[in-house]
Every structure is written in structure tokens, then in C-alpha cells.
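Peer 1: Each chain, letter by letter, is given below.
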Amino acid sequence: MKFGIFYEISVPRPWGPETERQVYANCIEQCVLADQLGFDHVWAVEHHFLEEYSHCSAPEIFLATVAAKTERIRVGHGINVCVPEINHPIRIAERSAVLDLVSNGRLDVGTGRSATWTELGGFRANPDLTKATWAEIVRALPKMWMNERYAHDGVCFSMPERAVLPKPYQKPHPPMWVAVTSPGTEIDAAEAGIGALGLTFNDFAEQERRVKAYRKVLANCDPVGAINDQVATVNFLFCHEDAKIGQATGLRLAGTFGYAAAQLVSAREVYASPSYASFGLLPQVRRASAAPGDAPAPPPGMAVGDPKHIIEVLRGWESTGVDCVNFLLNALETVPQAEVLDSLRLFAKEVMPHFKTDARAKSAVAAE
Amino acid sequence: MPIYGGYKPTSEGLIEISELAVDRVEVEAAQTATFTFEVLSLAAIDALPAALHPPFPTYCSLVVRRHDDSPFGAFTTAELRLHARATNHYVGYSLGGFTDNEAAGAWLRDAYGAPIQLAETVSLIRRHYGVEANVAKGGRSVLEAVIETPGFISGADVLYVQNSNLASLAGAPALIAEEFEYAIKEARRGTARFTTLDLPAFGAPTLTRSTLLPATWTAGTWTYMPVRFTIDPNRPAMAGTRKVGQPAAA
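Residue numbers (our numbering), protein chains in the order written: chain A, 20 to 387; chain B, 360 to 609.
By construction, these hints were calculated from the structure, which means they are not laboratory data. There could be a bad hint or two in this list.
Quick list of in silico lysine-lysine cross-link-like pairs, DSBU-like style, CA-CA up to 35 Å [what the hints assert, rightly or not]:
1. A:K263 with B:K602
2. B:K544 with B:K602
3. B:K602 with A:K150
Bear in mind the structure is a predicted one, so any value in this text is a computation, not a measurement.
Could you put the whole structure together from the sequences, leaning on the hints where they help?
Peer 2: Okay, here's the thing in C-alpha cells:
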């Protein structure tokens, strides 16, 4: 089991002159510590216009900074929005290659298509077409990286033969993923032979069903490039020696995240389309909440509490067949930075050793 | 935390509710046309009660619903709603609307606090080229809209958000949760076109329409539900929500 940390980079109002800079500084400090503690990944989203919820519109710059300040943790662009109005596919290939080079081959490339009208409408993109543009772009990217020169005559973009430069450091190319929120996208991932980067909090049974379906389809996939057969899920993390404090703080973190997520205008809400069957992260956080005054119900399997409880929860996720769990550490800075860092340290000390990977075991031996 | 609306209402001028809806009212034949458009944000924030959060972009939906039969006879309503969040719940804050049936209008006002007034014409008609919605009040048109050449979509693709109606309840202002259940038998989506949309007539004198989204039309059953909760419009919904029959949250 691998562990990652996952950033939306949410910024609470009021927005003073220092607010965004401080939030970014906090995130970078967490990444540096996570690298030292043995976490495997840091992921950063790409979102646009999402007030408070995510001010992470240029994750490649954030991740380049993280890469420059760390030694071994992998950096995941989670995700590149594969919608031509937002990112031209050539630019995705170029930026990814540069990030892979400057990080000495530590890049993971996430792909996706955005789930909000706020973003799609902001770029005048058509929500009906995003599945198609994603499918076209995700097949073009590996060829841009692997072929000396590349030409494309497609539906969502075309280009004459050109050398897309530079080429990534990892050969044949960095591992590719797709963000999975809508049901069935894990099958898209499997068919393309890329990793499923889960961004919803399923229950254990649903997660196990999805992993099995993914592995079954992957066995006969038509890969876009080098196969990445990993399945990741997302979770909250707050680890504290006192179980009550850990749970209370973790629930506050999850509740704050859900509250912020609810303020977005999802594509599903305003644009009736078969392309968007899911609200994304929101329903999991409010599914049992009946009225606005009711407290948000915690999603099942949340990694909040004391180390013993978190180990049990992660054993549950491990049993579903997922390879990685990526943790959200904060939301709107509701958890003070010192507590976030302490939570990471305690998790690394008490929980991580129960889930050793080969790489982490080698790091531990080297550290001794 | 998210910002709140800027409107702090008193009960003055609001519809007086005598008794909140306590029964389900199911209507078999219901057609609903929904026109959705973004509005400029600053005025939209000011128009929302302080209990609610604006989403971004701020947007409205104009919902025209036709019932060919009901306990009040046939009636059609046209309501303008400014969308918002009550904590993490989606709501459509009702700005104003019209109906062509006074008995139905009186019921919606009295039981749900819906700001509905009588108009000479409120209609929703299917044509071969699309779906037409019209409202005429005081001898002039305040709504002329068409969903052009609507194509089939799945009913599962359409989402309806509950209404939140500002009214006076026991002498104090309250947001009344007008909830409904629905079963869609046919759904279509097409390009929306307004020939006339008089926003001030619909209770939105300060709002400015911007981006227009595709419109939907559905047919199916529609059930008006009993009111389960109300919200103090001047307090955050987390603290000001009261389940009917229970005291307000601390």
C-alpha cells in the first residue's frame, strides 16, 4: 500500500494580501515533511475559478517547486484538464515533460475533464464533449512523448508533424492516470491501460467492486502507452494520539471540505447531459444529511482518529485491492498547520510501518 | 467560509402564511420547462437572504410548469429563482412568479409562501419547432421564451432543486422549504431563446442576465410535499434551521 497527499489548495475568506501566499507556503512545508517521512506521492489538482474550494490553477508550478525542495516523493499532476479550451494537448505534453525532467523522473500524469460548470462554462467548453476530448487527448499524449515527431488529425485538435519537445525523463513516459468520480470511469481507465485515480469516497464494498471491474477490463485493454495498473482512492487524514480529538478534528476537516464543495456549480446541476452523471465529491459528504441544520454525516472508512483506528480503516481499504490512498490534509485551513504536521509525523511513525512497501522499507533501512 | 447573501428581510410586505402544507399533493400530468442563465454576481449576492450562500457563477432558473389537472383544476406557473446554498443544500430562492389559476396561486402562497401572483396568461405549449412559454400580465408580455428543437435526453440527466420561499410565519420572516418529488417519463433539451424576459416583473429588478444555458423540458408526475423545515433568513442556515414542530437549532 502506498500513501500520498492530495491538494486542492483551498483558501478561506477573507482574502488578505498574505492569505494565498501563506496557504501555498503551508502546503509546500507539508510536502517537504511528507517527503522526509516516506510518503510516496504528492498530488495537486488543476481547478479554475473555484472560489475558496481550490486556488490551484497552475499545479505544474506548485509541483515544480515541491520537486525542487524534495528528494524522492513523486509529484502527481492530478489532473490535467483534457479539454482543448482549457489546455491544448501539446502544452500538456510539453509541461509534463519539463516537470518530469526537473523532478528527475518523479512525475505522474493525471488526466480528466472537469466536473463543474464554473470551469467549463468559464472557458466556453461544451460539457457534452468532454468525455470525447479526454479520450482523444489521452491517446495522443504518449505518442507525443514517445515519437520523435508527431502529427494528429482528430476531432478535438489537429497538428501537422512536429517534434514535441522536450521528451520526458521516464521511459517510455511517466505513468498516466485518469480521475475517477463518475461511476464507470474506472472502466475507461482500464480500457486505456492507465491508473484509476479515485476522487470519491466509496464504501468498501463499492470500492472492491470497482477495483475488480477495473482489473478484469485491464487484462484485455487497448493501452494508450505504457500500462499503469494502479488504483488509488482518496481519503481524509487526521491522526492524533487521542482518538476523540482525532475524530473531532477529522470530522471538522471533512465537514469543511464538504461545505466548500457544495458551493461549486457542478455541471450536473445546470447542464442536463449524460456526460455528467455524478456530483463528484459532494454526495458522499452529505448523503445522510436531511436538512440544512443537520450535521454532515461522515463518509465511511475515513482515516481520522488515533493510529489504531486508522490502521484498521486502511486495512479495510487494502482489502478492497486499492494500491494507494491519497489523503486530504486540510480544508480552508480549518486545521492549524502545526497540527497538520504533527498528524503527518504520527501517521508516519505509528501507521506507515504496518504498510511497508519495498521502497519505504529500503528508505527505513537507509535511515537506520 | 463561503460568503452569505446581503439581504436582511423583515416580515413587512411578505406573504402571511396561515398554515404550512401538511399533505402530499400529487399531480399526474406535469410538464416542466426550465430556462437557466447566469446573472452578474454583486447584485445577486445582495438579493439573497443572509442565511444563504451564493454559488459561483450566480445563476437563475425560470421554471414554467403546466398541470393539466390537479385538485385546483388545470394551472400553469412561471417562477424565477435565484440559486443558492443553505449550508451544503441546493435551493432555488424564489424571487417572483405568476399563475393563471387563482385557487392554485392561493394554495401555493398560503401553504408554501410562494411569491405567486395572478396573470392573464401563463402558458407552456409544445409546438413542432419547440416548446413555448409565455406570461402576460397587465396587458403586456413579461415572458416570451422558446426551447428550440429540443432533443431527447434521459430523465436521469435532469435535476430539480427545491424552492426556498421567503414569507412571514407567525409574524417573523422565514424561508419555507418547498420540496417536491418527481418522476420523469420524457425529457428533452434544447437551445433557449428569450424574446421577452422582464426580470423586474419577476421580482428581480437588480439582476442582470448574462450567459444562457441549454433549457430542458420534461413530462411526468410531480408531487408537492409537506413542509418539513423552515430557515430564519437572517441567521446562517446551520443555526437557523427549524424542523416543523421543533424549536430552532441552538
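Peer 1: Taking the hints in turn, state whether each one holds.
Peer 2: Against the structure, the hints come out as follows:
1. A:K263 with B:K602: The given pair, whose Cα atoms are some 29 Å apart, holds under the 35 Å limit.
2. B:K544 with B:K602: 32 Å, holds
3. B:K602 with A:K150: Not satisfied, since the Cα-Cα distance of roughly 42 Å exceeds 35 Å.
Checked against the numbered hints given earlier, this structure breaks only hint 3.
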